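Q: Based on the provided sequences and hints, a complete structural model is requested.
2 protein chains.
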Amino acid sequence: MKFLADGTITSPLGFVAGASSCGLKKNGALDMMLFSSDRPCHAAAVFTRNQVAAAPVIVDRRTLADNDSAIHAVVGNSGNANACTGALGLSNAEAMQTAVAAALGCEANQVLVLSTGVIGVQLPMEKINAGITMAVGDLSADHGMQAAQAIMTTDTVPKHAAVRVELPGGTVTIGGMSKGSGMIHPDMATMFGVHTTDAVIEADVLDQCLRTAVDQSYNRISVDGDTSTNDTVLILANGANGVTVDDARSRELFQEALNKLFVYLAQQIVRDGEGASKFVEINVAGTENDQTAHQIANTIATSALVKTAFAGSDANWGRILAAAGRAGVPFEQEKTALWVGVAGPRELQLLVGGTPTAYLEKDAAAVFAEPEFKIWFELDQGSGKATVWTSDLTHDYVSINADYRS
Amino acid sequence: MKFLADGTITSPLGFVAGASSCGLKKNGALDMMLFSSDRPCHAAAVFTRNQVAAAPVIVDRRTLADNDSAIHAVVGNSGNANACTGALGLSNAEAMQTAVAAALGCEANQVLVLSTGVIGVQLPMEKINAGITMAVGDLSADHGMQAAQAIMTTDTVPKHAAVRVELPGGTVTIGGMSKGSGMIHPDMATMFGVHTTDAVIEADVLDQCLRTAVDQSYNRISVDGDTSTNDTVLILANGANGVTVDDARSRELFQEALNKLFVYLAQQIVRDGEGASKFVEINVAGTENDQTAHQIANTIATSALVKTAFAGSDANWGRILAAAGRAGVPFEQEKTALWVGVAGPRELQLLVGGTPTAYLEKDAAAVFAEPEFKIWFELDQGSGKATVWTSDLTHDYVSINADYRS
Numbered sequence: 001m002k003f004l005a006d007g008t009i010t011s012p013l014g015f016v017a018g019a020s021s022c023g024l025k026k027n028g029a030l031d032m033m034l035f036s037s038d039r040p041c042h043a044a045a046v047f048t049r050n051q052v053a054a055a056p057v058i059v060d061r062r063t064l065a066d067n068d069s070a071i072h073a074v075v076g077n078s079g080n081a082n083a084c085t086g087a088l089g090l091s092n093a094e095a096m097q098t099a100v101a102a103a104l105g106c107e108a109n110q111v112l113v114l115s116t117g118v119i120g121v122q123l124p125m126e127k128i129n130a131g132i133t134m135a136v137g138d139l140s141a142d143h144g145m146q147a148a149q150a151i152m153t154t155d156t157v158p159k160h161a162a163v164r165v166e167l168p169g170g171t172v173t174i175g176g177m178s179k180g181s182g183m184i185h186p187d188m189a190t191m192f193g194v195h196t197t198d199a200v201i202e203a204d205v206l207d208q209c210l211r212t213a214v215d216q217s218y219n220r221i222s223v224d225g226d227t228s229t230n231d232t233v234l235i236l237a238n239g240a241n242g243v244t245v246d247d248a249r250s251r252e253l254f255q256e257a258l259n260k261l262f263v264y265l266a267q268q269i270v271r272d273g274e275g276a277s278k279f280v281e282i283n284v285a286g287t288e289n290d291q292t293a294h295q296i297a298n299t300i301a302t303s304a305l306v307k308t309a310f311a312g313s314d315a316n317w318g319r320i321l322a323a324a325g326r327a328g329v330p331f332e333q334e335k336t337a338l339w340v341g342v343a344g345p346r347e348l349q350l351l352v353g354g355t356p357t358a359y360l361e362k363d364a365a366a367v368f369a370e371p372e373f374k375i376w377f378e379l380d381q382g383s384g385k386a387t388v389w390t391s392d393l394t395h396d397y398v399s400i401n402a403d404y405r406s
Numbered sequence: 001m002k003f004l005a006d007g008t009i010t011s012p013l014g015f016v017a018g019a020s021s022c023g024l025k026k027n028g029a030l031d032m033m034l035f036s037s038d039r040p041c042h043a044a045a046v047f048t049r050n051q052v053a054a055a056p057v058i059v060d061r062r063t064l065a066d067n068d069s070a071i072h073a074v075v076g077n078s079g080n081a082n083a084c085t086g087a088l089g090l091s092n093a094e095a096m097q098t099a100v101a102a103a104l105g106c107e108a109n110q111v112l113v114l115s116t117g118v119i120g121v122q123l124p125m126e127k128i129n130a131g132i133t134m135a136v137g138d139l140s141a142d143h144g145m146q147a148a149q150a151i152m153t154t155d156t157v158p159k160h161a162a163v164r165v166e167l168p169g170g171t172v173t174i175g176g177m178s179k180g181s182g183m184i185h186p187d188m189a190t191m192f193g194v195h196t197t198d199a200v201i202e203a204d205v206l207d208q209c210l211r212t213a214v215d216q217s218y219n220r221i222s223v224d225g226d227t228s229t230n231d232t233v234l235i236l237a238n239g240a241n242g243v244t245v246d247d248a249r250s251r252e253l254f255q256e257a258l259n260k261l262f263v264y265l266a267q268q269i270v271r272d273g274e275g276a277s278k279f280v281e282i283n284v285a286g287t288e289n290d291q292t293a294h295q296i297a298n299t300i301a302t303s304a305l306v307k308t309a310f311a312g313s314d315a316n317w318g319r320i321l322a323a324a325g326r327a328g329v330p331f332e333q334e335k336t337a338l339w340v341g342v343a344g345p346r347e348l349q350l351l352v353g354g355t356p357t358a359y360l361e362k363d364a365a366a367v368f369a370e371p372e373f374k375i376w377f378e379l380d381q382g383s384g385k386a387t388v389w390t391s392d393l394t395h396d397y398v399s400i401n402a403d404y405r406s
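In the order they appear, the protein sequences are chains A and B. Going by my numbering, the first sequence opens with residue 1, and the numbers climb by one from there. Going by my numbering, the second sequence opens with residue 1, and the numbers climb by one from there.
You can trust all of the hints, since none of them are fake.
Below, simulated EDC-like cross-link-like pairs (lysine to aspartate or glutamate); rule was C-alpha separation at most 20 Å, straight line:
hint: 1; chain 1: B; residue 1: Lys385; chain 2: B; residue 2: Glu347
hint: 2; chain 1: A; residue 1: Lys26; chain 2: B; residue 2: Asp314
hint: 3; chain 1: B; residue 1: Lys26; chain 2: A; residue 2: Glu361
hint: 4; chain 1: A; residue 1: Lys26; chain 2: B; residue 2: Glu361
hint: 5; chain 1: A; residue 1: Lys25; chain 2: A; residue 2: Glu126
hint: 6; chain 1: B; residue 1: Lys26; chain 2: A; residue 2: Asp314
What the hints contain is simulated information worked out from the structure, not anything from laboratory work. Computed from a predicted model, the values in this text were never measured in an experiment.
A: Printed below as a string of structure tokens:
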């Protein structure tokens with residue numbers, strides 16, 4: 001498997017992308033993007049579980065229920081989420097499908113829609129339509145990077161990559177881009193994960209691969225515990241290179257490559273978390289099952305007290321233990337252990353049997369002062385385990401979010 | 001009913017309190033307190049549900065299981081939580097009981113213990129014992145305020161009050177103090193609520209009254225979503241005034257007074273929340289039941305994005321709706337409504353049918369700019385309702401918690 005840090009959604013064969021600035025963002029940055037395939041794609045997606053789903057999410061769910069085997073294009077805008085916009089919002093999302101379909105010569109139900117930005121404001125359709133026209137004119141196999149830029153909101157860097165993997169039948173490429181740096185939390189975030197591949201893969205297999213990869217990546221990250229109205233992870237497979245993913249071996253290799261790409265793009269979101277100055281991996285093990293491990297890891301990852309301790313480079317493990325203790329998972333504190341470290345597993349043990357070891361404060365402080373470090377919290381109830389990635393809670397997070405609309 | 005803002009735990013007859021500085025707090029402030037009754041008390045308490053319970057919580061649970069009808073005194077220290085301290089921590093908490101019992105001439109199982117402060121450090125027992133001796137020497141009916149000061153950690157003001165209520169049999173006084181300004185969240189917080197009364201009331205009735213009042217007060221507040229290892233709410237009833245709470249009418253009046261005192265002391269905690277600049281009441285109604293209303297209200301109250309919007313005086317209702325949507329309670333967004341206001345209910349409607357009304361941004365901004373305001377979020381599923389109180393998430397919160405131990 002080859003990892004391409006400068007890869008994009010147009011790294012796989014047969015995809016082109018374009019972007020434009022249509023005035024949704026005040027600063028004139030790219031805010032509209034489009035990508036399409038030279039042939040119909042199998043498609044799979046997962047969406048926010050928030051009860052308040054944005055219009056594009058509702059439209060995409062309906063579109064994919066109707067047609068998951070001949071998607072042609074994806075259009076997306078930043079600067080306006082088209083959420084909490086009622087019936088008009090729905091018809092505006094449909095109008096985006098129609099406009100793209102007309103420009104590309106396909107059907108409306110072959111187009112998926114993404115929107116991200118402020119909630120509760122109707123899309124300015126004149127700008128949107130102009131933006132789509134310009135983005136269509138910009139379509140090129142070289143413009144995957146511009147598409148990644150056009151879906152940014154409070155993101156400070158575009159997030160994109162690709163992987164190339166040798167299957168028994170030949171080489172397959174998977175490309176992707178992600179966005180989101182606030183409202184990031186497991187079970188989907190204010191976040192897009194948008195992926196393409198030139199492999200030949202059935203829609204139902206693609207769906208299973210997508211869900212498996214999401215569970216290990218986008219569902220394992222947390223910036224602030226908030227989930228959004230617009231979260232979408234999708235993948236289009238156009239089969240342009242004629243290499244089929246069907247037997248067990250090719251599926252395994254494809255899945256591995258997909259996981260690697262998804263984890264990278266998900267971690268990129270945390271690294272670019274709003275105001276984040278640290279990237280922390282939280283490992284929980286020894287629970288009854290993986291689900292309870294995930295529950296504890298999430299509670300630690302979203303604790304304001306834990307995250308401010310990270311920000312202060314304070315090895316305040318008491319907060320980690322206190323967060324674990326309120327995760328809703330019963331355990332005996334006398335049987336807990338905690339390690340921290342920068343590289344290898346379990347470098348420095350801070351707790352054994354629920355009480356502090358004789359570690360030196362300066363050693364613990366040295367770990368927490370690193371921009372990246374890891375935590376291992378272990379119980380003795382079974383073989384359940386989970387890993388999540390989180391950031392710290394800083395002054396800059398407050399600044400960014402207290403002043404978002406001003 | 002008469003509310004006494006300057007009342008304390010020694011406002012009821014027969015209680016004395018004392019405090020001392022024994023060197024647990026670096027700044028030399030009061031950090032040890034003791035109060036006792038001139039006769040044995042009926043007692044009731046609720047404790048943290050955190051799996052990681054501090055030694056004093058474990059000791060108090062055991063003490064009350066053994067003896068809830070003849071408690072004589074409560075000793076408490078700040079500066080050290082005696083949590084995650086293993087077997088030595090337990091024996092140190094027991095040693096505090098023994099020291100107080102010896103000084104007051106009662107049994108160890110007639111003494112309750114409170115500790116709050118840093119987690120994972122053993123109590124310096126020499127200082128603790130000296131502090132207890134000094135606090136015993138300080139005992140006086142006039143020192144309720146000093147006791148309130150001695151349990152403060154990051155609190156900026158002591159929190160105390162009393163209520164006086166006319167029962168059919170005579171006047172009863174209930175006094176109380178609370179502490180806590182971080183790790184504050186429903187289902188108990190890093191928080192003490194300590195109460196006394198001179199009424200004659202059976203231990204089981206007292207327990208029911210306590211639980212009812214807690215559910216409407218200390219369980220309805222949130223500063224940061226974290227719950228601690230040491231949370232304790234307790235009440236001692238010494239019967240010193242001979243007025244009995246037994247029939248329905250006296251119970252009703254007593255409960256009303258207790259609720260009022262508890263709500264006041266709980267709200268004081270939020271008002272003094274770490275770095276808090278706003279006090280926000282969140283009302284949710286129209287859910288299937290009160291529990292689901294509480295669940296939604298809590299999710300709004302603990303959302304980092306909602307709380308930073310409060311800090312920025314930003315009427316960003318999209319974040320409120322998005323938080324409600326991830327509370328785990330199914331609802332139709334087309335049937336949601338939202339109002340905000342400063343005084344009366346439902347002053348300014350922002351949402352109807354899940355989409356914005358034609359309100360003026362400046363009117364909404366004016367509400368969010370107030371130091372205190374209210375939110376009403378309504379569904380149409382039933383008659384469930386809940387109210388919680390929360391604060392904003394500010395730069396000062398981050399500063400306080402990033403630098404807590406340094």
